[in-house]
Every structure is written in structure tokens, then in C-alpha cells.
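**Student:** Residue-level listing of the chains:
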Amino acid sequence: MAILLDRDTRVLCQGMTGWAGTHHVAQMIEYGTQVVAGVTPGKGGRTHIGLPVYDRVAEAKAATGANASIVFVPPANAAAAMIEAIEAEIPLIVAVTERVPVLDMIRVRDALKGAGSRLVGANSQGVLAPGICKLGVMATGSERPGGVGIVSRSASLTSEVVAQVTEAGLGQSTTVGVGGDPVHGMSMRDCLELFLADDETKGVVLIGEIGGFEEQEVADYMAEAKPAKPVVALIVGTHAPRERRMGHAGALTSAATGDASAKAAALERAGARIAGSAHLVGRTIAEALSRAR
Amino acid sequence: MRLHEFQAKRLLADYGLPTPRGAVAFTPDEAEAIARDLAVSPVAVKAQVLAGDRLQAGGVRMAHGPATVRSAAAAMLGQRLATAQTEDDGLIVRRVYVEEGVAIARQLYLTLLIDLRTAGLVVLGSPEGGEGIEERERKGELRCERLSLPIARPADRSELSGFLARLGLEGPTNEAGCDLVEGLRRAFVELDASLIEINPLAVTASGELKAIDVKMTLDDNALFRHPELASLRDEAEAERLKLSAHRNQLNFVQLDGDIGLVSNGAGLGLATLDMVHRAGGRPANFMDIRTTARSLDIAHGFALLLDNPKIRTLLINVHGGGMQSCDTIAEGLGIALRKSGRKLPIVVRLAGLNADLGRYRLANFGCHVIEAPDMGAAAERAVAVAAGRA
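So the protein sequences, as listed, match chains E and H. Just so you know, my numbering puts 258 at position 258 of the first sequence, and the rest follows in order with no gaps. Just so you know, my numbering puts 588 at position 295 of the second sequence, and the rest follows in order with no gaps.
Any given hint might turn out to be false.
What the hints assert, rightly or not - What follows is a set of in silico ranges between Cβ atoms, one per label pair, in the way DEER data are often shown: (1) E:Met1 <-> H:Asp649: 30 to 38 Å; (2) E:Ile49 <-> H:Glu428: 54 to 62 Å; (3) E:Asp8 <-> H:Asp649: 34 to 42 Å; (4) E:His23 <-> H:Glu483: 29 to 37 Å; (5) H:Glu463 <-> E:Ala58: 51 to 59 Å.
Unchecked claim - Some chain H residues near chain E, calculated using beta-carbon distances under 8 Å: (6) Ile397; (7) Arg410; (8) Val546; (9) Gly550; (10) Gly558; (11) Gly560; (12) Leu563; (13) Leu566; (14) Asp567; (15) Met568; (16) Gly669.
Worth flagging that the hints you see were computed from the coordinates, not collected in a lab. Where is the CB? At the ideal position from N, CA and C, for every residue including glycine.
All chains, full assembly: derive it from the sequences and hints.
**Tutor:** Shown next as C-alpha cells:
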């Protein structure tokens with residue numbers, strides 16, 4: 001079993017009739033993903049790349065039994081699309097759209113409270129369970145079914161690490177891009193919990209970077225949960241140019257949580273193995289797994 | 294997008310923020326005329342540049358009488374002002390804000406921003422506003438109060454009142470403070486702000502509140518909802534390179550080394566930067582090609598690097614995938630090299646989607662590149678080339 005996805009994942013696509021939706025849904029179908037419907041308000045009743053199009057998510061869900069949605073709707077309407085999927089009780093929503101206003105993402109997070117949906121993104125490359133289902137826009141070809149779970153804030157580094165893990169003779173159970181925006185759905189910690197509970201996942205790679213607090217949150221969780229599975233972390237941005245500070249607000253709120261070395265140190269103290277450089281992640285997880293065996 | 298003080302004050306006045314009377318001057322004559330109209334003493338003359346810490350840098354002067362206002366304005370206008378928050382050579386002062394002086398009894402600090410942990414709007418306040426607040430925070434000497442604010446409805450009046458009481462505001466001043474914070478909350482949501490900071494918020498001897506300085510940034514991603522605000526962008530002040538990059542779907546930060554870096558995706562870009570540092574090299578920039586960039590955008594990006602005389606080599610680290618493939622980036626490089634005519638050693642590491650097609654494209658453009666099998670090797674090779682060792 002992978003996390004989040006399985007062979008019964010039935011996908012509808014919000015914004016399928018646009019350029020990005022059309023292109024990537026075609027690629028997902030080619031990968032073997034069961035895409036069952038598209039949703040574009042005003043285009044209900046049509047057929048697009050061989051799939052029925054509905055006006056509303058609830059309608060599409062009732063007609064096709066979809067249990068996941070991928071959102072390509074442009075920024076102006078992306079939050080409304082996510083909220084519509086949450087209200088239609090779609091269990092898994094992946095939002096690919098970039099540049100969604102941050103207040104809109106807060107509205108989406110408010111809608112998620114108490115709802116039964118999980119949201120990945122926005123600004124996410126999606127979720128990939130090699131050989132089972134691709135719910136996203138990531139490149140494929142170098143992934144293999146296997147035991148390494150990958151959770152990341154960066155699409156490009158995920159592609160890189162997937163290739164390294166395969167090169168090291170391993171495969172991936174699932175890769176998840178939590179999204180590059182400051183306010184998003186599932187956190188790295190949420191994903192780690194799922195990986196630790198998943199029998200097929202033998203080890204986890206966490207790809208973090210400067211800024212935000214999510215890696216610290218993972219470190220706090222690991223210190224408490226003491227996972228039996230090896231966790232390897234790569235934190236990039238140690239040598240990033242410091243942003244010119246803007247007023248004093250940052251100093252009042254973040255209190256040194258955004259620093260790359262501080263994050264790596266916290267994760268190491270909590271039991272994670274730190275990959276010394278981005279090109280060493282595959283090797284590091286392979287060593288960690290062979291030692292754990 | 295960051296706003297000037299005068300722009301922020303003007304916008305927030307519509308939401309009931311009390312500010313001292315004032316106006317913008319482009320010339321010493323205008324400054325003097327504004328001072329005459331204000332008919333008070335003293336008057337503050339404040340350089341309008343997009344950077345804080347202006348007071349210590351001489352960018353805010355108190356002047357008594359129109360003639361002194363005139364000479365204070367004349368001393369600032371057209372000059373460069375360097376503060377702790379600007380580059381070393383500072384920013385050109387194109388306008389000053391001329392504002393009535395306020396007799397301050399107490400100074401508070403107040404800011405509204407998004408709290409990433411709770412994914413919600415929050416107001417932070419300190420009873421000790423003014424200069425040096427960051428220094429006191431670092432030393433752990435600063436008292437800071439916080440209150441979550443709703444975005445879909447007005448804030449709870451009694452919560453607001455309690456928050457302001459913790460900052461030491463009582464009676465009518467507390468009432469006025471509640472209106473002020475609620476106004477800022479509404480402005481934050483309606484204008485899609487990402488930060489509103491008032492420092493100091495003055496309490497006058499008569500218990501009135503006045504926002505002495507305001508910093509405000511708007512969410513760039515929401516400007517499509519506010520075309521009238523988008524026009525407030527001060528393009529003259531934006532760094533030329535950043536502006537060009539922004540228009541061409543790139544993220545760009547200039548650094549002072551000699552190795553030009555190009556990657557697709559911020560994560561891979563940061564990883565490349567780290568690897569070059571570890572190998573002992575000095576990056577000339579950080580550049581991340583967004584997924585929406587076309588080959589001509591990318592060519593503009595490479596041109597920014599090729600125009601930099603300090604650069605001795607380029608390091609291109611691309612993992613094609615999703616919406617950005619290696620051949621598009623190779624095409625951008627080819628176009629830029631042909632246009633510039635500059636001969637530079639170029640270290641290239643292409644992997645993922647269309648890597649072979651990318652190599653073929655580079656060969657067809659007649660680009661001579663040094664290929665590296667993986668990221669680590671590519672970084673080491675680029676550092677060796679820049680140092681004249683390869």
C-alpha cells in the first residue's frame with residue numbers, strides 16, 4: 001500500500017478543459033491513473049479528451065464515484081474550487097495552481113476544519129505512487145515501486161531525489177509535494193505520520209528548505225514519537241542570501257525557526273540522519289536502510 | 294509589493310487610521326508650501342524610499358518653520374539614502390513627505406500579519422514602540438501581546454479591548470484603539486495585504502492615537518483583484534535586475550561571486566547554491582526558472598548573467614520534469630549565447646525530461662559545454678573552472 005493513493009483512486013479534474021489540465025490529465029491517464037471526469041462550470045455536458053465534463057464537483061462525484069480531485073483552476077478561482085471539493089466531501093484534493101493569494105488559502109484552511117477532506121498544496125507537484133497512481137504533474141520515468149517515502153517542499157528536488165533513490169537500487173512507496181506556498185494543506189508532519197503507519201514504507205526522506213517552521217514541527221514530532229523507521233533529511237538553503245528584512249514583524253514571529261542549519265540540527269537531535277549535500281540523498285537513505293535491517 | 298509610507302497612510306486613512314496631517318513634495322518649493330499650509334511647528338520631513346530605519350540614517354528630520362523645512366527637503370531630494378535595510382549605495386530620494394509634528398506621550402508598536410503556524414490573521418502589539426524594538430526582542434526584553442483576528446467577520450470587541458488594555462490603553466483611548474485595529478483588520482482583508490506595521494503608534498498627551506510611521510506590503514498574488522493598487526508599484530525603485538527577471542518568469546537574486554547559477558525550481562536552485570559554496574566557489578547569483586517560463590523568457594534570464602562582467606563560468610543544473618523540460622532551457626541558453634557573443638566556459642548537468650533533446654539542442658546551437666554526470670560533480674567542476682584550475 002502506498003499512502004493517500006491506491007488502485008481504487010478515482011480522479012476528477014477541476015479545470016480539466018484548460019491547457020495545463022488537458023496536458024497533465026492526458027499524462028496521468030497514460031500513467032494508468034483512473035481519471036473519471038472533468039469539472040468546469042459552464043461546460044457541463046461536454047466531453048473533453050474522452051471524459052465527461054460536469055458543472056459541479058458534487059454532480060461529478062455522484063455520477064462517477066470519484067474519490068480524489070486534482071485542481072488546475074487559475075489563481076482567481078482556485079480557492080473557490082478547493083472549497084467546492086471540500087464541501088462535496090472529496091477525500092483527497094491535490095491543488096497544483098501556483099500563486100494563489102494567501103488570504104484565499106486561509107479561507108480554504110478554514111473550510112478544511114472539521115471536514116473529511118485532505119488537501120495537498122496548493123502549488124504542489126502532487127502525489128505519486130509508482131506503478132499505482134499518479135495524481136500530479138511530476139515527471140515520471142525514473143521512479144520504481146519500493147519502500148522509500150518522500151515528502152518535499154520542492155518539485156525539482158523531488159525529481160532529483162527519486163532518481164537517486166532508484167539509482168541506489170531502491171524504489172519509492174509514495175512521493176508527496178506539500179506545496180511551495182507559506183499556507184497550504186497537509187504538512188510535512190502529517191505526511192511523515194502516514195508514512196510511519198504504512199507497512200510498505202521502510203524509510204522516509206524529507207526534503208526541506210529555509211523559511212517556515214514545518215521541519216521544526218517534524219523534529220518535535222520525531223523527538224516524541226521516536227520512529228523505528230530511518231528518516232533522512234535534506235535541508236537546502238544553508239548558503240542562501242538573507243532576505244532584506246521587512247519591518248520588524250519577522251523577528252517578532254519567527255524567532256530563528258527559518259534557518260537551514262538550525263532545522264538540520266533540530267532534526268538530527270530528534271534522530272534523523274542529515275544528507276550532507278543534495279547529491280548524497282540516495283546513498284544516505286540506502287545506508288540507513290541497510291543498517292536498519 | 295511594498296508601499297511607500299505616504300501611499301499606505303493614504304490607503305489606511307479610508308479605513309479610519311488616524312495619521313498626522315501631511316502631503317508629498319517633489320521639490321523644496323513644494324515642501325515649503327506644504328509647511329506653510331500646515332502652519333504648525335515642528336514639521337517632520339520624511340524621505341520616501343522603500344526601506345526602514347530611516348531615522349538613524351538621516352532620512353527623517355524635524356524642522357521648525359517653512360524655511361527650515363525647505364532646506365531639510367533640499368538636503369534630501371535627489372540624494373541617495375542608505376539605511377540598514379538598503380544596499381550600501383542606498384536609494385535615491387525622489388519625494389519627501391511633509392507632516393505635522395506630534396507631541397508623543399507614549400509609543401506603542403502594532404502589526405497585523407499572517408501567522409503561518411495557525412494559518413490565520415494575527416495582530417501583535419507591544420507597549421514599547423519606536424526605535425530599536427528588534428534589538429530588545431533579540432535580548433528577550435520586549436513584551437509582546439498577540440490576538441488572532443477573524444478574516445470573514447469583524448473582530449470581537451471585548452477581545453480587542455482586552456488586547457489593548459494589555460498594551461496599557463484605557464478608557465476612550467482603548468475605545469479608539471478598538472476602532473483602529475478593526476479598521477486595519479478590514480483594510481488587511483479587503484486590500485489583500487501581507488503586512489501592516491505601525492511603529493510607532495503614538496498616544497498624545499490628550500490620549501489621541503496617531504500612526505507616526507506605517508509600513509505596508511500587499512500580496513503580489515492578489516494584485517489581480519486590485520488593479521488600482523497594482524499601479525502604486527514604484528518601478529523606479531525596484532532593482533533593475535529583479536524587475537527584468539520578474540517580467541520573464543524568473544526568480545533572481547544578485548550575489549557578488551563569479552559563478553553564474555541557473556536551475557529550474559527554487560529547491561534545486563538552493564541546493565546548487567549550497568553545493569557551490571561547499572566546493573569553495575562563490576555564486577554570482579541565485580536564479581530559478583519558473584515552470585511557466587518559455588525559452589525566450591529563459592534567454593532573457595541568461596542575458597542577465599552574460600551581462601555581468603564578473604562571471605567567469607556558468608553552472609546549469611536542471612532536472613527536467615512537470616512543465617519545464619531540459620530542451621526549453623537549452624534553447625534559452627542557445628539564444629542568449631548567440632545574442633551576446635560572449636565566450637564562457639559552461640558547465641551543464643541535464644537530467645530528467647528531455648535531457649537528451651536538450652544536449653542535442655545545445656550542440657545544434659554550437660554551444661561548447663562541459664558535461665557533468667551529477668550535481669556534485671557539476672558544482673566541483675564549475676568551481677575549478679572559475680578558479681582557473683580546469
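**Student:** Look at each hint and say if it fits the structure.
**Tutor:** Now the hints, each set against the structure:
The hinted window of 30 to 38 Å between Met1 (chain E) and Asp649 (chain H) holds, with their beta carbons roughly 35 Å apart. Look at Ile49 (chain E) against Glu428 (chain H): about 60 Å separates their beta carbons, and that is inside 54 to 62 Å. Checking the proposed 34 to 42 Å range against Asp8 (chain E) and Asp649 (chain H) shows it holds: the Cβ atoms sit about 37 Å from each other. The hinted window of 29 to 37 Å between His23 (chain E) and Glu483 (chain H) holds, with their beta carbons roughly 36 Å apart.
The given range of 51 to 59 Å is respected by Glu463 (chain H) and Ala58 (chain E), whose C-beta atoms sit roughly 52 Å from each other. This hint is violated: Ile397 (chain H) has a C-beta 18 Å from the nearest C-beta of chain E, more than the 8 Å allowed. Against a cut-off of 8 Å between C-beta atoms, the interface hint on Arg410 (chain H) holds, since the closest Cβ of chain E lies about 6 Å away. A least Cβ separation of about 5 Å between Val546 (chain H) and chain E falls short of the 8 Å threshold, and the interface hint therefore holds.
Restraint check, Gly550 (chain H) versus chain E: the minimum CB separation of about 11 Å is more than 8 Å; hint violated. Evaluation of the Gly558 (chain H) hint against chain E yields a held restraint, the C-beta minimum of about 3 Å falling below 8 Å. Using the Cβ-Cβ criterion of 8 Å, the hint placing Gly560 (chain H) at the interface with chain E is satisfied: the shortest such distance is roughly 2 Å. Contact between Leu563 (chain H) and chain E, as hinted, is supported at the beta carbon level, the nearest pair being about 4 Å apart and thus within 8 Å.
Given hint, Leu566 (chain H) at the interface with chain E, holds; its Cβ is 5 Å from that chain's nearest Cβ, closer than 8 Å. This hint holds: Asp567 (chain H) has a C-beta 5 Å from the nearest C-beta of chain E, less than the 8 Å allowed. Using the Cβ-Cβ criterion of 8 Å, the hint placing Met568 (chain H) at the interface with chain E is satisfied: the shortest such distance is roughly 6 Å. Taken as an interface hint, Gly669 (chain H) checks out: its beta carbon lies about 4 Å from the nearest beta carbon of chain E, inside 8 Å.
Hint violations for this structure: numbers 6 and 9, all remaining hints satisfied.
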